[in-house]
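Based on the provided sequences and hints, a complete structural model is requested.
If you read the sequences in order, they're chains A and B.
Take the first sequence: its letter number 173 is residue 173 in this note's numbering, and every next letter is one higher.
Take the second sequence: its letter number 32 is residue 32 in this note's numbering, and every next letter is one higher.
It is worth saying that the hints were derived from the structure and are not from the lab.
Treat the hints with care, since some could be wrong.
Since the list gives no way to pick out one identical chain from another, each pair is judged satisfied if it fits inside one copy or across any two copies.
To be verified - Computed list of lysine-lysine pairs in DSS-like fashion (alpha-carbon distance at most 30 Å, straight line):
(1) Lys105 x Lys2
(2) Lys105 x Lys152
(3) Lys408 x Lys289
(4) Lys289 x Lys2
(5) Lys408 x Lys105
(6) Lys152 x Lys408
(7) Lys152 x Lys2
(8) Lys289 x Lys105
(9) Lys152 x Lys289
Note that this is a predicted model, so its numbers are computed, not measured.
Number of protein chains: 2
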Amino acid sequence: MKIQQLSTQDQNFWQQLDALLAWDSVSDEAVFATVNEIINHVRRRGDAAVVEYTQRFDRLQVSSMQELEIAPERLQVALANLPNVQRTALQQAAERIRRYAEHQKLESWSYTEADGTLLGQQVTALDRVGLYVPGGKAAYPSSVLMNAIPAKVAGVPELIMVVPTPAGEVNELVLAAAAIAGVDRVFAIGGAQAVAALAYGTASIPQVDKIVGPGNIYVATAKRMVFGAVGIDMIAGPSEILVVCDGQTDPDWIAMDLFSQAEHDEDAQAILVSPDASFIQAVQASIEKLLPTMPRQAIITHSLSARGALIQVQDMDEAIQLANYIAPEHLELSVADPQAVLPAIRHAGAIFMGRYTAEALGDYCAGPNHVLPTSRTARFSSPLGVYDFQKRSSLINCSAHAASDLGKLASVLARGEGLIAHANSAEYRIQN
Amino acid sequence: MKIQQLSTQDQNFWQQLDALLAWDSVSDEAVFATVNEIINHVRRRGDAAVVEYTQRFDRLQVSSMQELEIAPERLQVALANLPNVQRTALQQAAERIRRYAEHQKLESWSYTEADGTLLGQQVTALDRVGLYVPGGKAAYPSSVLMNAIPAKVAGVPELIMVVPTPAGEVNELVLAAAAIAGVDRVFAIGGAQAVAALAYGTASIPQVDKIVGPGNIYVATAKRMVFGAVGIDMIAGPSEILVVCDGQTDPDWIAMDLFSQAEHDEDAQAILVSPDASFIQAVQASIEKLLPTMPRQAIITHSLSARGALIQVQDMDEAIQLANYIAPEHLELSVADPQAVLPAIRHAGAIFMGRYTAEALGDYCAGPNHVLPTSRTARFSSPLGVYDFQKRSSLINCSAHAASDLGKLASVLARGEGLIAHANSAEYRIQN
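In structure tokens, the structure reads:
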């Protein structure tokens, strides 16, 4: 098992780092053409197109959309049939996710200026949201909770889940999670056809206002293409972790934290940064020792070899500088006093503070969302949250007096821009 | 001047309405190919490519990027040379925009759970933002204020403006507005090449984290294509207004409010909704009367004929139902008691309340942003605001005790998903 070891003292360190981080979400032209055709068919032919694609891609013998809706009762059956320990764990996780989400809720506000003008912001929930859930083995019940609960906390009245059931394979944990999260309707469809149906609506599938949730390249491409007709969440790249460690955490813990990211898929990225050279060697030894015990050994080996790294820095300041440059999805601060480091962290999706806060706790049940910005997009974007299912309307209510004063101002500016109807409209409200 | 008159009692009213609202931002394949090539050249050849495109598209005789940077002193000169009344108006508008924006600022928060776990959200500003400003006649100083001030209120340290100067034409008001808003650097470049330079950086132009601001189809296409490498604001469609009037406002005022939207461009959309049939005729008469006085008569005639409408509804409830369906960029509630109507409004970019609150006041100086969601996207998106220049990082800091409890929960869920490294990582933190 060969994992790259770097040092900030290396010549060309920053070029090496850029090469390590490089990730271009391939915009495959063939995929684009296929998805474009699927979207056009669904827009034109609605349910019939969705049914045909589902027959073809998911190998299902169905003749109507009605057969593809999964009844709410079926979700409850899935929940009731779960082993107790799993049902309780899902419910407890949901409860913690909900409690955290409540803190994110935006509230309307307004204030009145001295001139009598009321200004403010009215916050409302989206009317209808679509949640894409991948089918088969890549389906994660935790992901259902993380996507659905913030929407429900925001007050979205109708949450519609789509999940493909390839060859009829249904994931009971996913259905149970949908029941817990309060998903309103579920359709057993997937791929670009499901995204198109949600974005434009069909006779059976209502048009939504936003589509969230992870998916393969066809789903991601479709989401990108329907953006504008509906809102979308981020287009996620491979998952990443950056562990910053002072060298005092058990190296087995750190090795396993790196594995927990690397086991997601071959493109996942796990990086350790430490000022302690001997600790880095200890983690390398732990990796060698623990790797053979991992069921997903092959995936971990691939991703650590291709995209992992152990990086030695000069000191903690340099570690923080690196963290801000990388802007990681997950940042583990495995140090004695994470609170002291925190104010210097400018870019990260989620920050796991202290030796006990394994990233895996955040993936499932700590409370904050596990849908996080990847591929350095934490430079400009945020975790999925309640705020993603709310929007704002500006409020302006001018008194007659204020409209007169503002009208004079607006008139000057409108005439400066050559927009005379704007100027006249403002001037009508000027009182003599 | 023929403006469509509709009634909700018409057969096929909703089909007619959908036809009226229909707007597909044309994704032109030739534009796509051109923009793709420009972006690739700028990524590969940096400054040299930007200079060449600027020579070609903006007809400028320059040989280096250095010649294309506009010095801060030049902005101050533009400001100093403005007529007093314009300078004061811009400064007062900026002050009002800034004051409103201060209310939007997100703050970090955290709380400690009973088990000793700290959870929270750390809010930080983006490091560097690019602001696109169109060149020549379509350049609006108000737009510079509206885009730049929220970024500065958010705390963005470096704000870089790009504005093409076709054939050397510089807009002094735009430069003055940049000085007032606190723009840090300005480059006289535009088009897809400017977007590419900001998104990927060149030797002279620093890479930004987000690009905001309006532009033509090349700029919009380029923004869509670089999205992911950097953040972008919305892709704006044509501007729209929906006026809901109880029939008691001066019909000249309403006609001019419709004109103020229609004069933007031929695709702009201005719609009046009223339960009062005779008022609708009075507005039609005002339109006929006032139209010949308008310098932009041709544009107004075109947009009102092609995309305008006067719609009669049964009552105010139906008017609100229409407003929520249309989800307009600008909603004018020209009624006696707008506050009573407000709670029923679910989707609108900005809401102008009462007869005195002309939409034009909001365009320039009321305070709230004039960059608003168009083409029914107010169903899922918000006005540009300070929050668009901030992002959140989740915070999780588990006590040893809490990590032990959460570890048990995470272990069950991780094993349910077949992710054993996740489970192990959590289990290491379980205390016996």
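Status of each hint after checking the structure:
{"no.": "1", "hint": "Lys105 x Lys2", "in the structure": "neither (46 Å within a copy, 46 Å between copies)"}
{"no.": "2", "hint": "Lys105 x Lys152", "in the structure": "both (11 Å within a copy, 25 Å between copies)"}
{"no.": "3", "hint": "Lys408 x Lys289", "in the structure": "between (76 Å within a copy, 24 Å between copies)"}
{"no.": "4", "hint": "Lys289 x Lys2", "in the structure": "within (13 Å within a copy, 81 Å between copies)"}
{"no.": "5", "hint": "Lys408 x Lys105", "in the structure": "between (38 Å within a copy, 29 Å between copies)"}
{"no.": "6", "hint": "Lys152 x Lys408", "in the structure": "between (45 Å within a copy, 27 Å between copies)"}
{"no.": "7", "hint": "Lys152 x Lys2", "in the structure": "neither (45 Å within a copy, 46 Å between copies)"}
{"no.": "8", "hint": "Lys289 x Lys105", "in the structure": "neither (45 Å within a copy, 49 Å between copies)"}
{"no.": "9", "hint": "Lys152 x Lys289", "in the structure": "neither (44 Å within a copy, 51 Å between copies)"}
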